[in-house]
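Required output: the full structure, derived from the provided sequences and hints.
Residues in the sequence shown are numbered consecutively from 66, following the working numbering.
The hints are simulated quantities; they were obtained by calculation from the structure and are not laboratory data. Be a bit skeptical, because a hint or two may be false.
20 Å max Cα-Cα, derived SDA-like pairs, lysine to any residue [as the list claims (entries may be wrong)]: (1) 241 / 110; (2) 390 / 345; (3) 87 / 127; (4) 199 / 238; (5) 391 / 369; (6) 391 / 294; (7) 241 / 390; (8) 390 / 277; (9) 319 / 399; (10) 313 / 387; (11) 163 / 197; (12) 390 / 288; (13) 335 / 354; (14) 390 / 305; (15) 390 / 329; (16) 335 / 228; (17) 253 / 277; (18) 395 / 317; (19) 348 / 379; (20) 219 / 379; (21) 199 / 285; (22) 253 / 236; (23) 348 / 277; (24) 163 / 313; (25) 395 / 344; (26) 253 / 166; (27) 241 / 212; (28) 236 / 218; (29) 108 / 130.
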Amino acid sequence: MTFLPQKNFDLTTHNTFKLQSKAAYGGYLESEEQIPSLINTIKELNLPYYIIGSGSNVILREQINGLVIINHLSGIEHLEHTDEHYRLRIGAGELWHKLVLYTIAHDMPGLENLALIPGTVGAAPVQNIGAYGKDVSAFIESVETVDLETGVHKIFSKDECQFSYRESYFKAHGYKPMISHVGIAIPKEWRPDINYADLLKYVGISETSDARAIMNAVIDIRTQKLPDPAFCGNAGSFFLNPYVDREKFEAIIKDFPEIKAYPINENTYKVAVAWLIEAAGWKGKSLGTPAAVHENHALVLVNKGGATASDILELSDAISADIYKKFGIKIEPEPRII
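Here it is in structure tokens:
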């Protein structure tokens, strides 16, 4: 099968921020059989190339001088289960939430805390997605990749993925090589994880709750908190929670005793960036452009209609500078900028 790039490829419907964007070339990778043709296309065009999934964690500039590849590799395959784990192999283009629903429907609980996270399965290990006390790295068994410049196929073990908080080998190496499939292993011995504050407060959730009830609670909470990209362009949580050392934390808490932070170890604290943004007065604010901080969730930047990548980045930079000025803490955006 041939990979067929299109010129002047419109990406406006391929990013959840709904930013108007066009690439010099773009196309869809629907099958592994297209990969040799895709490699030849990359060589012939001799342009930078970018791989995206559902575009839920990207900021796309108005004009991209390169080739944008939309990864639609699909399929959920049951591998041989072990006594301890359910094992699956999933195409990188499958939607992450679809996988969560699939595992719950097939009595393989474990991913319920990660329900309704936007994006594809292939993007999950890149960002090491996480929510409500769980990170996807806890379930990753392997990541299958293809180097689109050399054609080399490589299977990364969990250790080789170099996971840390919202980081991975793939993110550190320019979102390459391309991920084709992800192998996950879900422990058969299941225990509910409801230690996150929002879940603990959710009516009806307790240590006796089953995975489906927890999944539904997570879906309800996320739906209430986060705007639906179908109606309000956004990329979910925009900033990463920063880490500070004990000395820095103790200095900050003297001036801001109400600060929300969580100990990671005896010398490190994770600060709730949403609290920082709200405390600095940015909730619901803008710089006079269609890019704004959401009125209900300070961690979410939104496109109110017609915003450009420049508008989003200008707002992001202003917030970051103000947070550093007021708290002495550096914060970083989570989405990838293309």
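Consistency of the hints with the structure:
1. 241 / 110: holds, 18 Å
2. 390 / 345: holds, 10 Å
3. 87 / 127: holds, 6 Å
4. 199 / 238: violated, 24 Å
5. 391 / 369: violated, 27 Å
6. 391 / 294: violated, 31 Å
7. 241 / 390: violated, 35 Å
8. 390 / 277: violated, 44 Å
9. 319 / 399: Violated, at about 29 Å.
10. 313 / 387: With a Cα-Cα distance of about 18 Å, the restraint between residue 313 and residue 387 holds, given a limit of 20 Å.
11. 163 / 197: holds, 18 Å
12. 390 / 288: Judged against 20 Å, a Cα distance of about 33 Å means the pair is violated.
13. 335 / 354: violated, 31 Å
14. 390 / 305: holds, 18 Å
15. 390 / 329: With a Cα-Cα distance of about 25 Å, the restraint between residue 390 and residue 329 is violated, given a limit of 20 Å.
16. 335 / 228: holds, 17 Å
17. 253 / 277: Holds: residue 253 and residue 277 sit about 15 Å apart, inside 20 Å.
18. 395 / 317: holds, 13 Å
19. 348 / 379: Holds, at roughly 16 Å.
20. 219 / 379: violated, 39 Å
21. 199 / 285: holds, 17 Å
22. 253 / 236: violated, 30 Å
23. 348 / 277: The hint is violated at about 33 Å.
24. 163 / 313: violated, 41 Å
25. 395 / 344: holds, 15 Å
26. 253 / 166: holds, 17 Å
27. 241 / 212: Distance ~7 Å between residue 241 and residue 212 Cα, so the pair holds.
28. 236 / 218: With a Cα-Cα distance of about 18 Å, the restraint between residue 236 and residue 218 holds, given a limit of 20 Å.
29. 108 / 130: With a Cα-Cα distance of about 15 Å, the restraint between residue 108 and residue 130 holds, given a limit of 20 Å.
Hints 4, 5, 6, 7, 8, 9, 12, 13, 15, 20, 22, 23 and 24, counting from the list given before, are not met by this structure.
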